[in-house]
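Listed below, chain by chain, are the residues.
Number of protein chains: 2
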Amino acid sequence: MYTLTEAQKLIEKHLANIKFPEDPTELYEPVHYILSIGGKRIRPALVLLACDMFDGSVESALHPATAIEIFHNFTLLHDDIMDKSELRRGKQTVHVKWDDNTAILSGDVMSILASQFMNEAPGAVLRGVHNVFTRTAIEVCEGQQLDMNFENMLTVTEQQYLRMIELKTSVLIAASLKIGAMLGGASEKDAADLYDFGRDLGIAFQLQDDLLDAYGDPELFGKKPGMDIVDNKKTMLMITALRDANPEQKKALTGWLTARDADPEEKVQAVMQLFDALHVKEKVNREINNYYQQALESLNHLNTPMERKTELFAFAEYLMERQN
Amino acid sequence: MYTLTEAQKLIEKHLANIKFPEDPTELYEPVHYILSIGGKRIRPALVLLACDMFDGSVESALHPATAIEIFHNFTLLHDDIMDKSELRRGKQTVHVKWDDNTAILSGDVMSILASQFMNEAPGAVLRGVHNVFTRTAIEVCEGQQLDMNFENMLTVTEQQYLRMIELKTSVLIAASLKIGAMLGGASEKDAADLYDFGRDLGIAFQLQDDLLDAYGDPELFGKKPGMDIVDNKKTMLMITALRDANPEQKKALTGWLTARDADPEEKVQAVMQLFDALHVKEKVNREINNYYQQALESLNHLNTPMERKTELFAFAEYLMERQN
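Taken in order, these protein sequences are the chains called Y and V.
According to this note's numbering, the first sequence is numbered sequentially starting from 1.
According to this note's numbering, the second sequence is numbered sequentially starting from 1001.
Calculated directly from the structure, the hints in this document are not laboratory data.
Take these hints with a grain of salt, some might be off.
[Said to hold, decoys possible] One-sided and incomplete, this derived list gives chain V residues near chain Y with beta-carbon spacing under 8 Å:
hint : residue
1    : Asp-1108
2    : Leu-1113
3    : Gln-1116
4    : Ala-1124
5    : Arg-1127
6    : Glu-1142
7    : Gln-1145
8    : Leu-1146
9    : Gln-1160
10   : Leu-1162
[As the list claims (entries may be wrong)] Straight-line distance between alpha carbons at most 25 Å, and here's what the computed PhoX-like set of lysine-lysine pairs gives:
hint : chain 1 : residue 1 : chain 2 : residue 2
11   : V       : Lys-1097  : Y       : Lys-84
12   : V       : Lys-1084  : Y       : Lys-97
13   : V       : Lys-1189  : V       : Lys-1224
14   : V       : Lys-1097  : V       : Lys-1040
15   : Y       : Lys-84    : V       : Lys-1084
Every residue, glycine too, gets a C-beta built ideally from N, C-alpha and C.
Kindly produce the complete structure, drawing on both the sequences and the hints.
Okay, here's the thing in structure tokens:
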């Protein structure tokens, strides 16, 4: 059985050995760039771990795993254009380092390259993994659309928010595990259980990301705390606060959300005080724990010996204990 | 045997019956829009004709054919952002009617939808058609990149230009025929011959497009003549003229290519006079005919009864005689 770290290393090595086309360089340089500036390779590693869990050939899962990683990086590339983000993993984003057109077209080719790599899956599961992959990829686009819609909405419900992060973040983690399981020859039920494990863990992961933004150790988290507050992001913290606020608190929160030219530090401090008064941290932590427990239940439910599940239990714990 | 018109109607009906997702509407409205504002459905119709030629089930080719049409429209959608085009088929482009982000994300989802439709191909050829499709899709991106590169290049050689139009335009026509042939159960050799037929015909088609811009009947062509000249496009006409010009003519051509704020009508008239003096029309017509004859040769070469080729011969003639 491979460990997560071993699986990550395998992916890193496989990615480094891939000969992408070189020409036209304007098209492929950004592809090399985005794939080389880091990333934890979590999703493709999960493909390998899930495949290995059912005694599948990890070797034959490498290309489909790579497909997932290329697709994930394609979404980052295009999201960064849409969100006008200037940094990704501490480096210049592609549309800043080159330009928007380059980022659009290089992203396009990555999306197709991903499909090409997925097409290397063994014949018995080829149509199946393509179907899971395309359905998931479509859902990721839907999630990004919902996320953009939220920017123009005055209120976002908890349910709407959970659906958005499920689509934007969770389903790809879930699909990585499911595709890995299919490649490993798992039963439909086991593949579905692994999908559910990944989906719930992914939601817990994203909610924890919201929490870390406000409550994380800035040294460990690597970002200034409260950036979501400064950016008026409708995260789970803000949604919970707005839901539970009394009229006075609600007025104060809405005031900060609509204030122009507010002093960032003052704003973060004031909103955090409201969060604290409303026990937002505890409430979101409770929600995270619900999803985490649900994820563990799906993993327990899986019809495979406990010793084969160890690495995924460890992975779940690692995700939940992370500080960054 | 289906005729081209019948095949086009089949595609139109199939497209109209597809239930794309509705939600989020911001994501899917542009998909409906671009697929509903027209287009001749040439590429998917070619999938059906090629499949039919080998007695394949046209019914089972409908989804893969639709994949090609969705992919083609995805490339138009993203090309229009990159080229800042305001009109497509006489209607507002998606990035103008909505905005750039909408056009990026709706295009992304179309590219994935195309792959999803291709995944409906029968099992025996599934991997094969996916491979032809993804390789071709990658080439189309490369062609668009080369086209954008040409805008910043002082000189483009005939060879570079032919390679660009082969990638940007021809390979998708060629792949449509090849995928159709594969779906119909054609031999590898026959599928390859059909590919060559489509590639050479596609190049002839694009060169004729260059010619029509300058020499087409404006009433029939539906565009103002000489727009490529106004836009300083390095078309086959300009490349041929620059190649054959004497120093004085070359100086004049380069002058118009670099002139700022030139009067468009005056510029078109002057450049056309230089084209005429250099017999550009005849030379490009000769080149078109070379590719056309080469295409017909591939079709003749095909190991199938002549009566099964009638519709593709008619199609080639129709393309070459078009005035728009």
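Verification of the supplied hints:
Evaluation of the Asp-1108 (chain V) hint against chain Y yields a held restraint, the C-beta minimum of about 6 Å falling below 8 Å. For Leu-1113 (chain V), the interface hint holds, the least distance from its beta-carbon to any beta-carbon of chain Y being 7 Å, beneath 8 Å. The interface hint given for Gln-1116 (chain V) is met, as the beta carbon of that residue sits about 4 Å from the closest beta carbon of chain Y, less than 8 Å. Taken as an interface hint, Ala-1124 (chain V) does not check out: its beta carbon lies about 10 Å from the nearest beta carbon of chain Y, beyond 8 Å.
Contact between Arg-1127 (chain V) and chain Y, as hinted, is supported at the beta carbon level, the nearest pair being about 6 Å apart and thus within 8 Å. Interface hint status for Glu-1142 (chain V): upheld, as the beta-carbon distance to the closest one in chain Y is roughly 6 Å, under 8 Å. This hint holds: Gln-1145 (chain V) has a C-beta 4 Å from the nearest C-beta of chain Y, less than the 8 Å allowed. A distance limit of 8 Å between C-beta atoms decides the matter here; for Leu-1146 (chain V) the minimum to chain Y is near 6 Å, and the interface restraint holds.
At its closest, the beta carbon of Gln-1160 (chain V) sits 11 Å from a beta carbon of chain Y; the interface hint therefore is violated under the 8 Å criterion. For Leu-1162 (chain V), the interface hint is violated, since its Cβ never comes within 8 Å of a Cβ in chain Y; the closest pair sits about 15 Å apart. Our distance criterion of 25 Å between C-alpha atoms is met by Lys-1097 (chain V) and Lys-84 (chain Y), whose separation comes to about 21 Å. As the CA atoms of Lys-1084 (chain V) and Lys-97 (chain Y) are separated by approximately 21 Å, the hinted pair is consistent with the 25 Å bound.
Proposed proximity of Lys-1189 (chain V) and Lys-1224 (chain V) is contradicted: the alpha carbons are some 43 Å apart, above 25 Å. Of the supplied pair hints, the one linking Lys-1097 (chain V) and Lys-1040 (chain V) holds, its CA atoms being roughly 22 Å apart against a limit of 25 Å. Of the pairs offered as hints, the one joining Lys-84 (chain Y) and Lys-1084 (chain V) holds, with about 19 Å between alpha carbons and a cut-off of 25 Å not exceeded.
This entry does not satisfy hints 4, 9, 10, 13, going by the numbered hints stated previously.
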